[in-house]
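Trainee: The task is to assemble the complex, starting from two chains supplied on their own in separate frames and drawing on the hints.
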Amino acid sequence: MTTKLFGEPVRRREDARLITGQGRYLDDLGAGALAAAFVRSPHAHARIVDIDVSAALDVEGLVAIYTWEDLPGALAEPLPLLIPHPALTHGRTAYPLAREIVRHVGEPVVMVVARDRYLAEDACALIRVDYEILKPVVGVEEAVRGVHLVHEDVPGNVGAHLVQEVPGPAGQTAWEAIDAAPHRLEFRLDVERSASMPLEGKGVYARWDADDESLRVYSSTQTSTSVRMAIAAKLGLPLPKVEVIAPDVGGGFGVKIMHPWPEEVLVPWAARQLNHEVKWTEDRREHFVSSSHERGQVQHVRVGFDDDGRVLGLEVEILHDHGAYTPYGIIVPIITSTQLLGPYKVGAYRVEFSSVYTNTVQVTPYRGAGRPQGVFCMERTMDKIAAYLGKDRTEVRAANFIQPDEFPYDQGLTFQDGRPLIYDSGDYPEALRMLKELIGWDSFPEEKARAAAEGRRIGIGVGCYVEGTGVGPYEGGHVQITSDGRVHVSTGLTSQGQGHETVFAQIAATELGVPIEKVSVVTGDTRRFGYAVGTFASRAAVMSGNAIALACRKVREKALRIAAEALEADPRDLEITDGMVHVSGVPSASIPLATVAVLSNPLRYAFDEEARRATQFAGPASDDRPPVAEGEEPGLEGRDYYSPIRSTFAAGMHAAIVETDPDTAEIKILRYAVVHDCGRLINPMIVEGQIHGGVAQGVGGALYEKMVYDEHGQLLNASFMDFLMPYATEVPRVETAHLETPSPLNPLGIKGAGEAGVIPVSAVVASAIEDAEGIPIDRMPISPSDLHALRQAR
Amino acid sequence: MNETRHHVTLTVNGVVREATVPGRRLLSDCLRHDLGLTGTHVGCEHGVCGACTVLLDGEPVRSCLTLAVTADGHEITTVEGLARDGEPSPVQRAFAECHALQCGFCTPGFLCTLTAFLRDNPAPTEEEALEAVAGNLCRCTGYQNILKAVHRAAELQAEEGGA
Chain A
1 MTTKLFGEPV RRREDARLIT GQGRYLDDLG AGALAAAFVR SPHAHARIVD IDVSAALDVE
61 GLVAIYTWED LPGALAEPLP LLIPHPALTH GRTAYPLARE IVRHVGEPVV MVVARDRYLA
121 EDACALIRVD YEILKPVVGV EEAVRGVHLV HEDVPGNVGA HLVQEVPGPA GQTAWEAIDA
181 APHRLEFRLD VERSASMPLE GKGVYARWDA DDESLRVYSS TQTSTSVRMA IAAKLGLPLP
241 KVEVIAPDVG GGFGVKIMHP WPEEVLVPWA ARQLNHEVKW TEDRREHFVS SSHERGQVQH
301 VRVGFDDDGR VLGLEVEILH DHGAYTPYGI IVPIITSTQL LGPYKVGAYR VEFSSVYTNT
361 VQVTPYRGAG RPQGVFCMER TMDKIAAYLG KDRTEVRAAN FIQPDEFPYD QGLTFQDGRP
421 LIYDSGDYPE ALRMLKELIG WDSFPEEKAR AAAEGRRIGI GVGCYVEGTG VGPYEGGHVQ
481 ITSDGRVHVS TGLTSQGQGH ETVFAQIAAT ELGVPIEKVS VVTGDTRRFG YAVGTFASRA
541 AVMSGNAIAL ACRKVREKAL RIAAEALEAD PRDLEITDGM VHVSGVPSAS IPLATVAVLS
601 NPLRYAFDEE ARRATQFAGP ASDDRPPVAE GEEPGLEGRD YYSPIRSTFA AGMHAAIVET
661 DPDTAEIKIL RYAVVHDCGR LINPMIVEGQ IHGGVAQGVG GALYEKMVYD EHGQLLNASF
721 MDFLMPYATE VPRVETAHLE TPSPLNPLGI KGAGEAGVIP VSAVVASAIE DAEGIPIDRM
781 PISPSDLHAL RQAR
Chain B
1 MNETRHHVTL TVNGVVREAT VPGRRLLSDC LRHDLGLTGT HVGCEHGVCG ACTVLLDGEP
61 VRSCLTLAVT ADGHEITTVE GLARDGEPSP VQRAFAECHA LQCGFCTPGF LCTLTAFLRD
121 NPAPTEEEAL EAVAGNLCRC TGYQNILKAV HRAAELQAEE GGA
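Protein chains in written order, with the working numbering: chain A, 1 to 794; chain B, 1 to 163.
Calculated directly from the structure, the hints in this document are not laboratory data. As the structure is a computational prediction, the values presented were derived from the model and not from experiment. Mixed in with the good hints, there may be bad ones.
List time: in silico BS3-like cross-link candidates among lysine-lysine, alpha-carbon distance up to 30 Å [as the list claims (entries may be wrong)]: (1) A:K391 with A:K345; (2) A:K391 with A:K448; (3) B:K148 with A:K135; (4) A:K391 with A:K4; (5) A:K668 with B:K148; (6) A:K4 with A:K554.
Isolated chain B, as found in the complex (with noise of 0.2 Å):
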């Protein structure tokens, strides 16, 4: 009963890794297991509590819902690859100022999830910034520190931008 295994290319947080896997091998598995970066968490394996956001290509996936084969090619950036030069990216700080976590399982998803929208949408309201949110679990926070640190991002965002 041996499976077939896949040869898969993938460019996580800028570094090309190569991974050899069986079909059905999850993206989350693969990122966490067969590369080392176990940032990305799995809290549910069925795509509803967003732990396991990355970006695929920019965009935020669900890991545990996508497989290894199919990200063959593609780019990746995991909570690692947020920092720039060493330096944690706005939304990372934010979430440390703001209290936006506690735990800390949840917090890899939320950040990729944000890092997205804020590129996108570099000054939500209050609105904007609650939908943004809105397809993550969290039992910790009750979320009102991570709202706070949707904005609080968008202002480092800003100042950075500025600077």
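Extracted from the complex, chain A is given alone in its bound form (with noise of 0.2 Å):
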């Protein structure tokens, strides 16, 4: 029986559980637990003037009202900005309730905690908040106009500034490059707002343990260590009596990274001021409103080509918005500005950014985290060269590409890590005559003409991207083999759905060779592993997977050392299968590893028949060395990190054709092709997986998602019913190809997987509607109203 796991389809152990109503979501916790909710601020921008509470007091079941002014210490100060940057000048983060000014509909301003969510909302209903009304900034363009001002303290509402250059071939400027080309195109785009939206929201329930003075803290997040260090910093308590555990969580996207919300620090504070567990559950309209959103940029781009396409020099100048506050720094237009380049030579580089304030809900990273809009960019400027020159847009493509036998290619920039953005490894003219292959690309024009024929409009379209995955700075990994010969995995980084328990067991399994049945994996529990970054940047595998291998290398290495003393054998002639130690060919002479774990623990005292054996009398021992040898520990465990010199760069492109109604203007993708290269696959069955889920979401954006704001800074669509998230019926099927260039950078040679489907999609969409339409398509998402309105305007 084989025990090589990596690499299969292995069936999710996850499901068992999520199937049968077995689940605990933070909202399935803390049954006894007292409910939280919040007066949120129904204006973009105010000034608070007053706020009575009187006529909440007579609420059946109110325990507590909290405004700012009750806020003690560190708590009463903004919350971290967590990823400083020289750049951002100007970052700003809010308070975790309001102090005398809100700067967007939904920041909280009065936190109540009653023995119910209904009666909690009754006492909010009855709160009465006097503001002075100020006037809002809404859209980039305004806020960058610097007229009224979001932060009375930050001038024309610039937060960071930003420009990165990367010289051509001979030194000159991208402005040089530009002017000296043969051919100029000069344009601007817009990409709309939208957001993470997990199906489950926000939530945090905190214990508090008054006799030991520690507490327990439940928050449903892509980072539960960091969530823990927040606590204990705003909280003043010692780490060690924090711990924070990230529960099955119902999907995060980017918006759960984000941390600490201010729920986060809140509800653990009025646990412990109330002596009484207290639970807080985002709904809907609160996660529209008060959880981050992404995506929202203008671009302006001037670019300098050959006659063959190659681009020679290239400029952007991006109007990134990032709301009210600036919590995760500038990591979006960063990510945006450096991964537009894309599987491409430029030739050379400028980008330049703004990074504004807006009276709006703040921006952070959503699945793509600044991608999209970069790859939007890069896309639509390559389709237009191909227009200009009236060449075929796959072959521009192929002409601008990093050749295999450039890796490692320096593209001269800095990624969002701090590090050089380098690629480790690809292929891209594979990948993309996969993809010809896969979609029919050099057959369409003829399927063009025959819809044509019959009065139908069709197009088809194609979009690349190269993603940098799996940032450090680190994860680790503990694994324990215990004298039942199950073993126990954990790792700090977090599970929102990616199958983590299945492919960290995999890895487990076939780096020690057991039976994926006795391995159980634990992530996102502080308890268990204290050291970790989070979920995000399509890391997991990369970081954890790799984290785990090498302390299960670490096991392994001990386990046959142990084993070679009790079988009188060399190490080196060892090895486990079936989670049976044995000498090579001599199935024999063998020793399980449940015993080797007995025998790595030397005992005193016995508790059950397997710990007999490792007493003190049980058998011959050496008198003359320590029971446990000098380097040794006790116990069948080992614990590592990876943390990787630079991120590993997966690729992927993807292709659509979709047919346009002539009269109604409706959009539809009748087709939609992927090739997709993340380096070595763990699990072939959850990439796709994962594939699926990030094209609908990019399908989402491309067609239907966006955030409404009117001038007056409410969110119009606030809602399932308003905002559209694609159901079954939007999205098409997706037809996958994988192509596998192992990472140099880690010792699976594996790549992130994440965020690939829905990098490219609205690039895609554009450049497929476009060939639709013959229409220029700049600016997504693109509802039939808007595709009438291109066609009246023509």
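Mentor: So this is what it looks like as structure tokens:
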């Protein structure tokens, strides 16, 4: 029986509980907890004049009402600015509860705690907050005009300004290269806001143990270790007195890597104040108006190119809307401006962004994290060059590709991890060849002509991307084999549906030579593993996967050492198969890992039959050696960390065929094809699932989803009724093919896959609609009425 | 400001359960917080996402749009009640087999919806299957494997019926 499970479509070990209603999501916990609810600002920009809670005091079951004035110490200070950057000269973060000024609709002003959520909301409704309304700033262009300010002390509403420049081969600047190029184009692109929108919103549940003076917090988060540190800092508690657990989490997609949310510090604080469990579960409207959005950008592009469509110089100016606050720094526009280059060599490059304040919900990463905007920019550019030169769009792309023999390829920029943007491996020409074959690119003109003959309008589009995945600084893994032969794996990062329990078990089972049924995996529980960064940037498999593999290798080495002694063999002659350590080729000379685990831990006390074998009178021992040899530790366990020198770069290419209705301007995706390269696949079933889900979110961003703010800063579509998330009827079937160029940077040769599906979709769909309609498509999403307006304006 | 409370008797997953609830208490909250059946999830609180779907006298309803008092005296099946004799139902098995769930939050709603659908239409066409799942939101899977699971569940159901 083989235990090699790496690369197999192993069924998910999470599913048994999730299909039977036995999952434990945040709101499933804490049956006896008090409920928190929040009074949130109804205005985009206002000064709080007075808060009158008197009418709420009679509400049955009311326990407490808190405003900013009640908050002690560090809790009364602004929330952390998580990722400082020298270019973020005017970073601003919110207070957990608004102090004096509110800067977006939905900002929390008052926290109410009551016996249940209904009563807490009753009290919220009776609290009267008087506001002096200030002028709101909505939209990036209004923001940079700087007539009204979101923060009084931030001139021009500019939080950050960053320029990165890469000279051309002959040292020329992008401006020089563009001006000297045989052909030039200049245009503007717009991408609207969307949001992660997991089906489960955020939530926090806190238990204060007054006897032990310790706090246990459950949060629907993508980073329990970091939430833990934030809570300890904000509440002034020693770190060992705080534990944070991410239970089953109903989707994250980026919004839950942002932390600490106001509620993540307020709810634990209230639990301690009240000496009672407190829980807050975000409702959908709260999620729309207080959890992060992303994507919104305006881009101005200038490009110079030669007769073959080779880019000689590219200049991009980005106006990035980061909303009212910058708790996550400027990661999103940094990623846009660096990942924009994709699989191409663009000669000289200059990218400049201004990240600006508006009186809207803050912007922090949503799956793709700035890449969809960058790819939209680059791929629109490629299509425009092709159209200008009258060339095939794939030919222009191929002319600009980095070639397989050019890796590692240094793009000359600084990536989001502060490290050089150096691509580790890839094969872009092969990926494009595979994609063209999969979608039938070369035969499409005939198909289009046939459709046209029937009065139908169809078009084909293409989009390519490179995605830096598995950013550092590190993740760790701990592996313990207990005397019952079970393997307990833990890692600090969290899971939101990616199937980590399965893929990490596959890795451990393969590395250790044990049946997967013996392996259990715990993620996101600081009681089990305290050091971690979190789940984002398609990094979990790369970071924790490799850390767990390295930890397994340590354990394996130790197991072989102990077994060798027991079997009187050379450890180099041993292997582990199906949980048995045996001499290669001599299956009879074997010892179960369970027994090795017993032997690894010399005991004084026996508590079961297995343990008896390791007690001090159980067998012969060397009198001249200590029971635990020098350099050894008791127990068959190991811990290791993976900290990469830099990110690994996955890549992919998508193509779509769309049909547009000549009368109604309805847009339908007829086919969608994906060629994807994330290095070695751990579980192809799970990778495909990630791609399917990513493409669906991409389709949402391309055709349906946007955050509709009016000029007063009111979000007009803050519900699932109005924010059009795709149903099954809107998502095409995704046809996939995989290319595997292993990463040379990590032991398993893997790259990340989590965000891949979403990244190029807007670019691909725009490309296809443009092909169908012959009208430039320069803003996304595009609705039938948008397309109708474009037709009218032609 | 004490609310009037009402005594309700529900037969949930074949077991008679009782609760005393205010008139405004949603069935979803009653199931989850009064009866401890947290498998039913709430994703939007206004009947759009379908995560809270349960079967009321065998028919799918949005439990976030149903008051607990209106379910008094009725039979309810939640995701916890879909398994038979401890064995996952064909729909449940098909979801696991086809990788039709990722985070699993929306899954109970799909499972309940499809249990009723496949009872009434044991051999659906592609179009009918699409129609059946088109009232539920999923943010993880892109629906492709959910659609696959509908047909797989129909197969498993037919095998079981034939056995």
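Trainee: Which of the listed hints are not met by the structure?
Mentor: Result: hints 3 and 4 break, sorted rising.
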